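Novice: Those protein sequences? They're chains A and B, same order as listed.
For the record, in the first sequence the residue sitting at position 62 is 62 according to my numbering, with numbers rising by one throughout.
In my numbering, each number is its position in the second sequence, counted from 1, plus 122.
Calculated directly from the structure, the hints in this document are not laboratory data.
One thing to keep in mind: the hints can contain errors.
Covered by chain A, per the in silico footprint, the following chain B stretches (three or more residues, Cβ under 8 Å) [stated by the list, open to error]:
hint: 1; stretch: 183 to 192
hint: 2; stretch: 208 to 220
Only pairs whose alpha carbons sit at most 25 Å apart, straight line, appear in this in silico SDA-like list of lysine to any residue [what the hints assert, rightly or not]:
hint: 3; chain 1: A; residue 1: K87; chain 2: A; residue 2: A37
hint: 4; chain 1: A; residue 1: K110; chain 2: B; residue 2: F148
hint: 5; chain 1: A; residue 1: K110; chain 2: B; residue 2: D159
hint: 6; chain 1: A; residue 1: K110; chain 2: B; residue 2: Q163
hint: 7; chain 1: A; residue 1: K25; chain 2: A; residue 2: R90
Given the structure is predicted, the values throughout are model-derived calculations rather than measurements.
In this text, a Cβ means the ideal position worked out from N, Cα and C, and glycines have one as well.
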Amino acid sequence: MTPFQIFLVVVLASGMVAVVICLSKGLIGRLAATCAATVCAAGIAFAIEPNWTTSIAHRLGISRGTDLLLYLLVLTVLYGFLLIYLKLRRVRRELTLLVREIAIREAERKSPAPQQPPDSAQ
Amino acid sequence: MTRDDAALALLTAHVRAQTFVVIPVFNEGAVIGEVLDQLVQHFPNVVCVDDGSSDGTWEALRSHAPHALRHLVNRGQGAALQTGTEYALRCGALRIAHFDADGQHRIEDLERMVAAVARGDCDIALGDRFAGNAASVPLGRRMVLRAAVVFHRIVSGIALNDVHNGLRVFSRVAAERIEMTADRMAHASELIDLIAQSQLRVLQFPVTIRYTEYSRAKGQSWTGGFRILFHYLVGRALD
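Let's have the full structure, built from the sequences with the hints guiding it.
Specialist: Encoded structure:
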């Protein structure tokens with residue numbers, strides 16, 4: 001193996017250990033952990049045996065292994081963006097609810113009762 | 123006595139007091155005091171929601187607004203309207219109106235709409251600038267708003283003449299049933315969807331919008347329109 005392959009394997013193996021630690025601490029769910037571990041495992045396999053990407057690419061009708069990796073990378077990045085965007089939306093929504101509740105409670109604490117006309121009969 | 127006069131006769135002090143006017147406010151320190159001073163003479167329960175302003179708006183609200191709420195950070199006009207609406211509901215409001223802070227709406231238009239909801243003619247009264255004096259509507263804005271009308275007829279399945287008018291009045295039932303989740307300007311489009319789904323009775327009322335240099339400067343740009351469309355479509359797809 002070349003030094004770069006060794007470096008890649010070490011980095012991806014560290015990533016897999018991190019995934020296991022995060023899963024054990026409950027920081028990520030099983031599905032996310034499985035996906036991340038699969039990506040790391042595939043990365044390690046392809047780093048050790050680069051020709052595998054080419055043979056898989058050929059079976060899928062893609063001429064080169066690097067093209068297959070590029071397509072997978074694009075799909076992974078887009079999926080990652082979608083997940084981050086959805087998470088951001090959730091956080092924004094929760095922030096709005098929090099800001100709203102604080103605003104209403106502060107107003108209820110400070111404001112006088114709603115203005116009523118002198119004659120309460122409609 | 124005209125129909126309008128008869129409607130306004132319904133606006134007793136009690137009806138006015140039961141109507142909470144919600145105004146979202148963001149950096150409107152220059153005009154908000156004057157708008158409020160006029161409005162509270164007609165509607166004593168005005169709820170102003172300062173959406174994280176940085177220009178002294180909050181100080182103006184504390185001295186002029188009967189009910190002043192403050193978002194600690196800016197969350198957008200839709201979020202501010204929903205905050206004011208929820209506060210008004212907790213205060214026991216029977217009708218809730220939306221009114222813009224820049225002084226572009228006329229109180230007499232609001233009064234006619236409140237009277238219609240109070241009389242039970244409709245659950246939701248929406249302002250319609252094109253049925254009123256539309257000559258003052260700038261051409262560019264008119265085209266964008268007309269496009270929005272066509273868009274909502276197709277997408278939301280509701281035939282309204284003016285879908286982005288900030289002057290609205292809701293009965294309590296309608297305000298309880300309609301909850302906006304779009305924080306920023308896309309709330310106006312989301313609101314049309316919610317109204318279409320709610321099966322509530324809707325009436326449109328001719329209103330005149332006062333386009334001043336100030337209100338034009340605060341209004342949406344073309345790019346803002348596309349941003350609203352993007353947020354609306356994303357919200358519709360994901361929520």
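Novice: It remains to establish, for every hint, whether it holds in the given structure.
Specialist: Hints and how they fare:
1. Coverage of the stretch 183 to 192 of chain B by chain A holds [criterion: at least 3 residues with CB-CB distance below 8 Å; count 5].
2. Remark: the stretch 208 to 220 of chain B is confirmed as covered by chain A, as 6 of its residues place a Cβ nearer than 8 Å to a Cβ of that chain, reaching the required three.
3. The straight-line distance between the Cα atoms of K87(A) and A37(A) is roughly 21 Å, inside the 25 Å bound, and the hint therefore holds.
4. As the CA atoms of K110(A) and F148(B) are separated by approximately 21 Å, the hinted pair is consistent with the 25 Å bound.
5. Of the supplied pair hints, the one linking K110(A) and D159(B) holds, its CA atoms being roughly 20 Å apart against a limit of 25 Å.
6. For the given pair, K110(A) sits about 22 Å from Q163(B) by alpha-carbon distance, which is consistent with the 25 Å threshold.
7. Between K25(A) and R90(A) the CA atoms are separated by roughly 22 Å; this keeps the pair inside 25 Å, and the hint holds.
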